[in-house]
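Peer 1: Those sequence lines, one after another, are chains A and B.
Just so you know, we're using numbering that gives the first Met the number 0 here: the first sequence kicks off at 0 and counts up by one.
Just so you know, we're using numbering that gives the first Met the number 0 here: the second sequence kicks off at 0 and counts up by one.
No lab work stands behind these hints, which were simulated from the structure alone.
If you're wondering where the values come from, they're calculated on a predicted model, not measured in any experiment.
Treat the hints loosely; a few may be bogus.
Covered stretches of chain A (in silico footprint by chain B; criterion: 3 or more residues with CB under 8 Å from a CB of chain B, positions within the stretch not fixed) [what the hints assert, rightly or not]:
1) 27-35
2) 86-96
3) 105-117
What follows is a list of derived Cβ distance ranges for each label pair [to be verified]:
4) A:A23 x B:R321: 22 to 32 Å
5) B:R58 x A:N180: 40 to 50 Å
6) A:W242 x B:E113: 47 to 57 Å
7) B:G40 x A:A295: 29 to 39 Å
8) B:G40 x A:T320: 38 to 48 Å
9) B:G116 x A:P39: 54 to 64 Å
10) B:A146 x A:A23: 13 to 23 Å
11) A:S203 x B:A23: 14 to 24 Å
Backbone N, C-alpha and C fix where the C-beta goes; we use that ideal spot for every residue, glycine too.
There are 2 protein chains.
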Amino acid sequence: MNLSQVGEFGLINLLNKKMIHSPAGVIAGIGDDAAVLQCPGDCWQLFTTDMMVEGIHFRLDWSAYFDVGYKALAVNISDIAAMGGRPSHGVVSIAIPGHTRVEDVAELYRGLKEIAGKHKVNLVGGDTVKSPGPLVVNIALLGEVTAGRAVFRSGARPGDTIYTTGNLGTAAAGLYLLSQNGVCPPELRDRVIRAHLRPEPRVSEGILLGSLEGVAALDDNSDGLAAELREICRASSVGCLVWEKALPVLPGVRQLASQAGTGVLDWVMNGGEDYELLFTLRPDRRKPVEEALHEAGIPFTAIGVVVPEPEGLSVERCDGTREIIAMQGYNHFAE
Amino acid sequence: MNLSQVGEFGLINLLNKKMIHSPAGVIAGIGDDAAVLQCPGDCWQLFTTDMMVEGIHFRLDWSAYFDVGYKALAVNISDIAAMGGRPSHGVVSIAIPGHTRVEDVAELYRGLKEIAGKHKVNLVGGDTVKSPGPLVVNIALLGEVTAGRAVFRSGARPGDTIYTTGNLGTAAAGLYLLSQNGVCPPELRDRVIRAHLRPEPRVSEGILLGSLEGVAALDDNSDGLAAELREICRASSVGCLVWEKALPVLPGVRQLASQAGTGVLDWVMNGGEDYELLFTLRPDRRKPVEEALHEAGIPFTAIGVVVPEPEGLSVERCDGTREIIAMQGYNHFAE
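So that you can see chain A by itself, here it is in the shape it has in the complex:
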């Protein structure tokens, strides 16, 4: 049996077994956006890592080296934000092909430093090695969260409303324009391509959500709405119903999806990389939390409802029909 027959979930299961040798220090290990560690002095610490590989996660004919550095740290910061935390310290490993120009490596670091500066992340160490193949960037990132206030994927209950920050499908539109010759107004083009190349993690939004009573489950949208809702379903033992007509999509992105010959629902569900925050909210807490988000100027939309586990993950289409989303599998949503 080879890896293509197992997929990442099989590997996570392999990893999960007997990996904790001193349980006292671990509040939550593998299975959420970041691990939660118990530090001395009743403080909680978050710990996450993400690896980006040339040819798999990025292409150097689409991404500048600056973008590669920026995004490598952005996606890790987003994992910390998805727990309600604030990023603090990171270490950076880079495997660099021998033919790479020093100027390009400097640009990659400049991208790293740019977003590190925005979020006051200290880059405190690293490893620089030679690669006989692709450029590989790995970042491991620590974060802080008030003890007891980390928000897990496992807190959703039937009856919760499902929300997302910002818009969905934007990064997928950017990837489409980079890979195809789509026609698009320049301003929208810049916006969606930037969403793909330089995602902006929702750190202050995550911290606010973590501080508000009633925010029950939290996740960042890295792998598409379908994949992230599946994570919440699994971790919380619930189902989710998404309302297609409620999904927040930029008008131009809807047009680009038609141009691309795919439905925008496919981009929202399976495109991923929007790095918006997805959260569920207890029904009796909708009003105060919505008010707090409005007051903070955070864009958000209610996009569905948590349902009992046997109902599974489904979407109510604009025509009123309900469609089950497979717990595995993609491209079910082409219009």
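Given chain A, work out where chain B should sit, using these hints.
Peer 2: Same frame as chain A, but now just chain B:
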């Protein structure tokens, strides 16, 4: 200019500039075996990362997948040991070629878990991605050290005695036997190959050294004695004189080096990967520290003396001559 003209030190300099945005939390950033972070509750935390790339750091015809996992964590644990700390929590990223068998990935994890169990390291997260090229394993590791007791590379002063734990050149002998058809008794063969494939980090030794007054500088021997002494020279603004005749080398390793047509001094100086601890000791503290090490059953040898910076890094050969070791460059010691 490309990377081959710069080397890792040039890159570390690139990284070093303006990477710390919240200095309050960082006791020591880039430039030692691990970063030292200030946590709430007056506790110090260590943070390090190391990346291993197939074809650069290991070959799958020499290393079993188990060994790859074992060594990837071992070298990170050694970085924590080299600060006088105890490893606590790690995250593991793996880029896996698509043709890899699941059984092989399971073996890699088994190696990881084996050494994690020995040192009570919790593996709390990770990222598993596809590689279009080599197998890449990155680990980021946290450690704990008593506040104020981390031992840096920068503490050496002229007059300190230089010590190493264990034997040197052993891993280089293992690499020689793996890459050439050397003749060697089976017991020695197993021992030196094991030293190369599955190094044993000196954690309890590092913790003891960190607790003893007079231990002034500490480093792990990952890149060879010459490279590690250079690090101590740079960080402490000193020189070092090594006594060739004092260097602890297994008798069989000396013979293998002759057989290989190189001097054993070359293996000791430039072979690396012994993961022994290298430390310097104030002259008036030699007796109590040596007694404490004897009592703990830790093998150690005095191998030289710290000298003023202008004297540079040199070795006193067995014939009494003194040879300068270049601050860059290798293979100066072929006999």
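Peer 1: State the violated hints by number, sorted upward, taking the hints as numbered earlier in the document.
Peer 2: 4, 8, 9
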